[in-house]
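Chemist: Below are the chains, spelled out letter by letter.
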Amino acid sequence: MEQIVEYFLAALLVIGGIFAVIGSYGLLKLPQMMQRLHAPTKATTIGVGSALIASMIYFLVFEGKISWHELLITLFLFLTAPITANFIAKAQLHRAINKDELPPTGVGSEWATYDPEVKTVDPHLLSDRDPG
Amino acid sequence: MILDYAIDFAFLCFGLGLAMNLYRLFNAPGVTDRILALDTMVINVLALLVLYGIETRSGINFEAALLFAMTGFVSTVAYCKFILRGDIIE
Chain A
62 MEQIVEYFLA ALLVIGGIFA VIGSYGLLKL PQMMQRLHAP TKATTIGVGS ALIASMIYFL
122 VFEGKISWHE LLITLFLFLT APITANFIAK AQLHRAINKD ELPPTGVGSE WATYDPEVKT
182 VDPHLLSDRD PG
Chain B
211 MILDYAIDFA FLCFGLGLAM NLYRLFNAPG VTDRILALDT MVINVLALLV LYGIETRSGI
271 NFEAALLFAM TGFVSTVAYC KFILRGDIIE
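First to last, the sequence lines map onto chains A and B. Every position in the first sequence, counted from 1, becomes a number in my numbering once 61 is added. Every position in the second sequence, counted from 1, becomes a number in my numbering once 210 is added.
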C-alpha cells in the first residue's frame, strides 16, 4: 500500500515540476506580453498545486496526521491566480494603448471609471488627477 | 526511495524555473513583465518551501508558505494598482 502511494506521490511531484518548468520557460519564450501572461499564471499554478497535494498526501499516509495548511495554500493560490492575471492584463492594456486610440465610452466618464449608470461626471473629478 | 529522487527532480525543476524568472526579471521588455516575473518567483519559492517540508519531514514550513502566498498576492496587486492609477490607496 505504502509503495503504491509512494509511486503516486513521485508521479505527482515529477508532473508538477515539469509544469513549473513549462510555465517559466513560456514566460521567456512567448512573443507577446498577453501570451506570456498565460504561461506562469496557469502552468505554474498547476505545478505548485500538484506539489502541495503531494505534500498533503505524504503527511496523511506516512506521518498519520492531516495537515490542512496545504489545502488552504492550494485554495488561496487557485483563487488569487486569476485575479493577479486580470490585474496584470489591465496594467498592460493601460500601458499599451493611448487614451486617444480608445473608442468613446458613450457616457460621461472615461474607461478607467466606466459605469453605464452614470450619465455625467463632475468635470473637476476628471481633471483632478493626472493618470500618468 | 523513489520519492527522494522525485523530490530532487522537483527541486531541480522549480529551481530552474526560478532561474528563468530571475533572467526575465532583469531582462524584461516592459514593467508588466517584471511584475509577472516577480509573481511567478513567489509561486516557485512557495513550491521550494513545500518541497523542503517534505524532505525534512516537518510541517513547520507551511506557515511560512502561507504567508509567502498572501504577501505575494498583495504585493502584485499593489504594484498593478500603482501602475494603473498612480496610487495604491486612493
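Among these hints, one or two may not hold up.
To be verified - Straight-line Cα separation of at most 25 Å, DSS-like style, residue types lysine-lysine; simulated pairs:
| no. | chain 1 | residue 1 | chain 2 | residue 2 |
| --- | --- | --- | --- | --- |
| 1 | A | Lys103 | B | Lys291 |
| 2 | A | Lys160 | A | Lys90 |
| 3 | B | Lys291 | A | Lys160 |
| 4 | B | Lys291 | A | Lys151 |
| 5 | A | Lys103 | A | Lys90 |
| 6 | A | Lys103 | A | Lys160 |
Derived by calculation from the structure, the hints in this document are not laboratory data. Source: prediction; values computed, not measured.
Chemist: Now tell me, hint by hint, if it's right for this structure.
Modeler: Hint check results:
1. For the proposed pair Lys103 of chain A and Lys291 of chain B, the alpha carbon gap of about 22 Å is at most 25 Å, so the pair holds.
2. With a CA separation close to 30 Å, the supplied pair Lys160 of chain A and Lys90 of chain A exceeds the 25 Å bound.
3. Distance hint between Lys291 of chain B and Lys160 of chain A is fulfilled; the C-alpha atoms sit about 18 Å from each other, no more than 25 Å.
4. Of the pairs offered as hints, the one joining Lys291 of chain B and Lys151 of chain A holds, with about 9 Å between alpha carbons and a cut-off of 25 Å not exceeded.
5. Between Lys103 of chain A and Lys90 of chain A the alpha-carbon distance is near 15 Å, which keeps this suggested pair within the 25 Å criterion.
6. Simply put, Lys103 of chain A and Lys160 of chain A have alpha-carbon atoms about 30 Å apart, too far for the 25 Å limit, and the pair is violated.
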